[in-house]
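Work out the full structure: start from the sequences and follow the hints.
Here the sequence shown is numbered in our numbering, starting from 51 and rising by one per residue.
It is possible that some hints are incorrect.
Simulated crosslink set (SDA-like; lysine to any residue; CA at most 25 angstroms straight-line) [stated by the list, open to error]:
1) K417 <-> K384
2) K227 <-> T245
3) K416 <-> G488
4) K417 <-> N490
5) K463 <-> Q478
6) K384 <-> M315
7) K483 <-> K384
8) K384 <-> S362
9) K495 <-> L420
10) K153 <-> R169
11) K467 <-> Q478
12) K467 <-> A440
13) K417 <-> M405
14) K495 <-> I474
Treat the hints as calculated values from the structure; they're not laboratory data.
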Amino acid sequence: MLGGLTGWLAGVWGSSLVGSMSSPNALTETTNQLFNRLLQITLLPPDVLVYLRSRGLINKETYMQIMKDWGYSEANADGFFYALQNRPSVSELIRGIFYLTAKPDNIDTVWGLIAERLREYGYTEDQAELITNSYKYLPSLNDVLQWMAKEAFEEDMVQVLGLDEELPELFLEYAAKLGVPPEDARRFWRAHWSTIGFSQMAEAFHRYRAKAYKQGTYNYELRQWETYWDVFYRQIEAPRFYREMLTSITYNVITRVDARRMYEMGFLDKDELTAIYIAQGYTKEDAERMSDWVSWYTQRYDEEDLRGLTKSNVENLYKYGLINDHEYQELMKKIGYGAETAEYSLDLLKSNIFMENFKARVDVIKKKYLKGLLTADQARHSLVQLGADATWADEAVTSWETDKIELVKQLSKDDIKQAIRYGILKIQEGFNKLIEIGYNKEDAKILLQIWGASKADVAGL
Numbered sequence: 051m052l053g054g055l056t057g058w059l060a061g062v063w064g065s066s067l068v069g070s071m072s073s074p075n076a077l078t079e080t081t082n083q084l085f086n087r088l089l090q091i092t093l094l095p096p097d098v099l100v101y102l103r104s105r106g107l108i109n110k111e112t113y114m115q116i117m118k119d120w121g122y123s124e125a126n127a128d129g130f131f132y133a134l135q136n137r138p139s140v141s142e143l144i145r146g147i148f149y150l151t152a153k154p155d156n157i158d159t160v161w162g163l164i165a166e167r168l169r170e171y172g173y174t175e176d177q178a179e180l181i182t183n184s185y186k187y188l189p190s191l192n193d194v195l196q197w198m199a200k201e202a203f204e205e206d207m208v209q210v211l212g213l214d215e216e217l218p219e220l221f222l223e224y225a226a227k228l229g230v231p232p233e234d235a236r237r238f239w240r241a242h243w244s245t246i247g248f249s250q251m252a253e254a255f256h257r258y259r260a261k262a263y264k265q266g267t268y269n270y271e272l273r274q275w276e277t278y279w280d281v282f283y284r285q286i287e288a289p290r291f292y293r294e295m296l297t298s299i300t301y302n303v304i305t306r307v308d309a310r311r312m313y314e315m316g317f318l319d320k321d322e323l324t325a326i327y328i329a330q331g332y333t334k335e336d337a338e339r340m341s342d343w344v345s346w347y348t349q350r351y352d353e354e355d356l357r358g359l360t361k362s363n364v365e366n367l368y369k370y371g372l373i374n375d376h377e378y379q380e381l382m383k384k385i386g387y388g389a390e391t392a393e394y395s396l397d398l399l400k401s402n403i404f405m406e407n408f409k410a411r412v413d414v415i416k417k418k419y420l421k422g423l424l425t426a427d428q429a430r431h432s433l434v435q436l437g438a439d440a441t442w443a444d445e446a447v448t449s450w451e452t453d454k455i456e457l458v459k460q461l462s463k464d465d466i467k468q469a470i471r472y473g474i475l476k477i478q479e480g481f482n483k484l485i486e487i488g489y490n491k492e493d494a495k496i497l498l499q500i501w502g503a504s505k506a507d508v509a510g511l
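Quick look at the structure:
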């Protein structure tokens, strides 16, 4: 290129010398032409050449030739190209290397590789270390606070609650590609679990208490739940100052109506009644007023309700299940009987009720035996099941034999069935016979239909 420039200059100057013989301005024109031509052939700057080569707009040979015209050796031209070509930024370099190479078990190795690449960028060893340290993952204060709140640092709680369970390997792999070490990724996993609400915890507490009560392990279960509550309060970050208060409000307070009834029946005294009203939210003064009112109302009600009440009335109330043992004795005392007399009267009443029921059941067994529905052995067994002595049962069945002999022999159910089948008895007659041996009308009609009678046949029976 410079050779072409030299030839061009010689031609211009040669022609200008010849032209000077015929034009006085020839030298000036020649000079202008020279500078205009020089501007046209100005070389591209080296940084532009590097850009063009990097983008593939010129090839290496063209780049080297022009750089040579600039006066650069081939080695310097190469150095110039590699020094000025575009490269990923430090952050892009770090993200890219982590995405391509990072795994949960090689985080430190990846940082070493990044430090080597930074040295290639021209950073010193100390600078490379400073940069890598500045890019290493550091959780935010909010993350750390969340980890602490969710017991991610407490290994004992991790074991109790099973916070490391179901941790997917894929989660650790994705975290590694983002530069998050496996120990921090595990803490994120531990903190992701949801904590049950206070009402759910309270409901579970009472369900387990009920189950333990039935199994006879109530006190043991309560001790276990002290630990469970402590774990729960730690997990929801409830200060210890409030914990006992919160546990106490999980229990229900006896309702106002139930408390009044329990007071009326003597299960609560007045102070206990007042305490219940306070627990329900009444002020001390209002709770005392409520207790005074219930006491007055109960006394007034008792005085009015007990007018004309007799021992026989109280016994009938007990006999028909309208009052219990405690209520029976209280009513007996209110109508003038002493405590011992009321207790003795209750025992006697229970004995009389038992005997009445016993006699009624014995009569049922006797009737079944006399009608042939029970054999002698079955009758004895039924009496023993009622609580009768075996000897007494045997004597009772033997005494019934006389009554059985005196009874007029009747057709059995099978006899009646056969008589209807062979036309000896009509439907109406068979129906009457079934009634005679103890069947009710509906059951007798059902049997007749089973034996072949139509609905029309039994409709008018």
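Given the hinted pair K467 and Q478, is their Cα-Cα distance within 25 angstroms? holds (13 angstroms)
Just to be careful, I want the Cα atoms of K416 and G488 compared with a cutoff of 25 angstroms; is the pair within it? holds (14 angstroms)
For the pair supplied as a hint, K384 and M315, confirm whether the alpha-carbon distance does not exceed 25 angstroms. holds (12 angstroms)
Hey, K483 versus K384, does the alpha-carbon distance stay inside 25 angstroms? It is violated: about 56 angstroms lies between the C-alpha atoms, which goes past 25 angstroms.
Does Q478 sit within 25 angstroms of K463, going by the straight-line distance between their CA atoms? The hint holds at about 15 angstroms.
Decide if the proposed pair is consistent with the structure: K495 and I474, CA atoms, cutoff 25 angstroms inclusive. The hint holds at about 18 angstroms.
Hint check: K384 vs S362, CA-CA at most 25 angstroms. Holds or violated? holds (14 angstroms)
Taken at face value, is the distance from the CA of K384 to the CA of K417 at most 25 angstroms? violated (44 angstroms)
Check the hint pairing K467 with A440 against an upper bound of 25 angstroms on the C-alpha distance. Distance ~37 angstroms between K467 and A440 Cα, so the pair is violated.
Holds or violated: K417 with M405, Cα cutoff 25 angstroms? holds (18 angstroms)
Would the hint linking K417 and N490 be met if the CA-CA limit is 25 angstroms? holds (15 angstroms)
Holds or violated: K495 with L420, Cα cutoff 25 angstroms? Holds, at roughly 24 angstroms.
Violated hints, listed in ascending order, are 1, 2, 7 and 12; each of the other numbered hints is respected by the structure.
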